[in-house]
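Going by the working numbering, the sequence shown opens with residue 1, and the numbers climb by one from there.
Quick caveat, the hints were computed from the structure, so don't treat them as lab data. As the structure is a prediction and not an experimental result, all values here were calculated from the model. There could be a bad hint or two in this list.
Stated by the list, open to error - Here are the simulated DSBU-like pairs of lysine-lysine, each with C-alpha atoms no more than 30 Å apart in a straight line: (1) Lys-139 x Lys-196; (2) Lys-191 x Lys-139; (3) Lys-196 x Lys-210; (4) Lys-384 x Lys-354; (5) Lys-191 x Lys-384.
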Amino acid sequence: MDTNVIIAIVVVVVIAALLAIGGWWFGKSRKSAVDKSTEAAKAKADARLATEKSAAQSAAASAENAEKTKETAESATSSATPESPVATEPTPVGSAVTESATPAVETPEAAGTRMQRLKARLSKSGNPFGRALFNILAKDQLSESDWEDVEDTLLLADVGAEASEQLVEELRNDARIAGQSDPAEVRAALKDKLLKLVGTDTDRRLNADKEGANKPSVIIMVGVNGTGKTTTAGKLSRLLVSEGKQVMLGAADTFRAAAADQLETWGAKVGVPVVRSDKDGADPASVAFEASAKAKEANADVLIIDTAGRLQNKSNLMDELGKIRRVTEKNLPVDEVLLVLDATTGQNGMTQAKVFAEVIGITGVVLSKLDGSAKGGIVISVQKELGVPVKLVGLGEGPDDLAPFDPEGFVDGILA
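When you get a sec, could you build the whole thing from the sequences and use the hints?
See below:
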């Protein structure tokens with residue numbers, strides 16, 4: 001073999017070896033730098049947490065000292081006055097229960113005025129389907145094209161195909177709409193038909209409000225993430241507090257970060273205790289069991305259990321919710337399972353709703369985000385598909401924007 005060829009091969013081998021060694025050394029140096037950066041970030045985070053913990057302990061100590069000073073002053077005052085009977089303080093429910101630490105507890109808005117606000121919001125909505133229907137039906141001598149527009153309007157409002165067909169057929173046969181139409185009679189006919197579809201003779205009361213209800217009455221909240229389930233649980237606690245009920249919350253959604261913190265914030269504002277786990281990712285059923293035991297011990301009127309909204313597959317959902325219900329019922333019977341459904345998703349949310357209905361026996365529906373009426377027809381279709389009534393509706397983002405569903409107020413609002 002030629003000497004030059006041998007030299008060339010040696011050079012290539014040496015260069016390749018050097019490149020391999022260089023790559024290995026660079027990777028090792030980079031990993032070392034990353035490790036050092038990670039350790040530094042961790043040390044910084046630990047220092048921050050230690051500082052926050054120290055500050056929290058200092059604040060707690062200051063508050064305790066202030067409380068002791070206050071008690072000393074009150075003791076001195078009481079010693080100078082005649083003795084009077086003192087009410088016995090209730091025993092704390094337990095270490096797993098957190099209670100409001102706010103100096104002033106809010107007074108939630110009464111249920112009676114909430115539906116009036118819903119009616120007002122629906123009447124001011126940018127695209128109420130009731131108004132669109134009325135404008136078509138108020139025409140003289142409706143053509144086939146007009147009737148197609150009526151059905152399209154109903155479908156766009158998520159009334160559902162079957163209910164839309166039924167309503168169109170009934171409107172076609174109503175003498176008040178045929179021929180020369182009187183707007184007042186058209187409105188009356190449309191209202192009658194919509195009320196019939198929504199249902200006026202359905203018992204929409206929460207089971208906790210019915211005669212002979214269990215005490216504590218247990219409500220389990222279910223629904224996929226993003227529907228406002230935890231927020232609805234908090235708002236429901238406010239609604240029940242406004243009715244004079246003693247409420248407790250169970251934070252069994254242990255998989256979503258800050259879900260328990262969110263529930264605690266809602267509870268603290270109205271003095272409602274919350275049972276939660278000390279760590280994220282704990283067994284939801286264990287939290288539900290602890291909450292039911294604490295509610296029974298405290299003789300609360302209502303226990304609301306918030307659950308995770310994961311929907312990877314039907315089997316997983318069935319196992320998790322089934323376990324939560326079983327362990328809860330070792331302490332208390334479950335009276336209510338409320339499915340929280342986002343009204344703005346319309347028919348897209350019906351598939352998920354059906355899965356929950358099959359997995360765990362739901363007793364009612366809460367429609368969140370019903371602050372406009374463009375999709376208001378979901379009220380009709382969800383009841384028809386699931387066979388359970390809409391019991392509560394969310395009106396907006398405010399803390400008291402949750403109200404018992406009133407069919408007449410709803411239909412009046414969308415026809416305003």
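Okay, the hints, checked on the actual structure:
1. Lys-139 x Lys-196: Status holds; Cα separation ~23 Å.
2. Lys-191 x Lys-139: Within the cut-off at roughly 17 Å; holds.
3. Lys-196 x Lys-210: holds, 24 Å
4. Lys-384 x Lys-354: Since the Cα atoms of Lys-384 and Lys-354 sit roughly 11 Å apart, the hinted pair holds (cutoff 30 Å).
5. Lys-191 x Lys-384: Distance of about 18 Å is within 30 Å: holds.
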